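Take the sequence shown: its letters are residues 614 to 790, numbered as in the working numbering.
Errors might be hidden in some of the hints.
What the hints assert, rightly or not - Straight line, CA to CA, 25 angstroms or less: simulated DSS-like cross-link-like pairs of lysine-lysine:
1) K760 x K632
2) K618 x K660
3) K626 x K727
4) K760 x K727
5) K709 x K618
6) K632 x K709
7) K709 x K727
8) K760 x K626
9) K727 x K660
None of these hints come from the bench; they were simulated from the model. Remember, it's a predicted structure, so these values are computed and weren't measured experimentally.
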Amino acid sequence: MNNNKILISQYIKAKDNNKPHLMKRVFSQHATLEMSVQTDNISFPAKVTGLDNITQTLVCEFNTTYENIYTLCLTDTVQQNQNQLNCRWIVCMTEKTSGSLRLGYGDYQWGFEKNVPCLANHLVITIEHMVILPQALQPDVLSWFDKLPYPWALSSELQATMPDVKLLSDSLVALYQ
Numbered sequence: 614m615n616n617n618k619i620l621i622s623q624y625i626k627a628k629d630n631n632k633p634h635l636m637k638r639v640f641s642q643h644a645t646l647e648m649s650v651q652t653d654n655i656s657f658p659a660k661v662t663g664l665d666n667i668t669q670t671l672v673c674e675f676n677t678t679y680e681n682i683y684t685l686c687l688t689d690t691v692q693q694n695q696n697q698l699n700c701r702w703i704v705c706m707t708e709k710t711s712g713s714l715r716l717g718y719g720d721y722q723w724g725f726e727k728n729v730p731c732l733a734n735h736l737v738i739t740i741e742h743m744v745i746l747p748q749a750l751q752p753d754v755l756s757w758f759d760k761l762p763y764p765w766a767l768s769s770e771l772q773a774t775m776p777d778v779k780l781l782s783d784s785l786v787a788l789y790q
């Protein structure tokens with residue numbers, strides 16, 4: 614696995630498992646985060662600057678609201694050159710207060726420093742879709758994500774192992790386009 618994918622894996626570990634101390638291994642002190650949210654079912658600030666603020670937004674505040682978080686990057690969508698890596702992602706999680714199940718997807722556009730050690734200096738997260746699914750689907754959906762390779766999986770693995778739930782397949786139809 615190349616260095617950029619290792620950094621992204623560290624980011625996902627930090628975000629999904631509420632480990633803010635890991636973010637300094639991922640982002641430079643002056644990194645920027647841009648969020649393009651194309652759904653009403655989740656909100657984030659449009660722009661965040663600096664490691665501490667990015668950590669507060671993507672780890673601390675996120676984990677105050679959500680738990681049972683599984684984020685996967687789709688290996689077969691990776692486009693990269695030396696200082697950039699773009700890929701599709703998918704996430705499932707439960708909301709702590711209501712217990713509702715959320716499923717979403719979008720794109721990551723990562724920019725990395727040229728110096729060593731290489732850290733991320735810019736991230737654009739596009740959230741294309743975030744759906745609130747019935748709580749009754751929680752066991753099936755969370756178990757499905759738990760069995761997938763984490764945090765990098767192939768789109769074909771998602772499709773081949775997805776529970777046979779029409780609402781779920783309807784929610785993911787645009788992910789594979």
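Status of each hint after checking the structure:
{"no.": "1", "hint": "K760 x K632", "in the structure": "22 angstroms, holds"}
{"no.": "2", "hint": "K618 x K660", "in the structure": "23 angstroms, holds"}
{"no.": "3", "hint": "K626 x K727", "in the structure": "23 angstroms, holds"}
{"no.": "4", "hint": "K760 x K727", "in the structure": "35 angstroms, violated"}
{"no.": "5", "hint": "K709 x K618", "in the structure": "29 angstroms, violated"}
{"no.": "6", "hint": "K632 x K709", "in the structure": "17 angstroms, holds"}
{"no.": "7", "hint": "K709 x K727", "in the structure": "39 angstroms, violated"}
{"no.": "8", "hint": "K760 x K626", "in the structure": "16 angstroms, holds"}
{"no.": "9", "hint": "K727 x K660", "in the structure": "23 angstroms, holds"}
In the structure shown, a violation is registered for the earlier hints numbered 4, 5 and 7, in ascending order.
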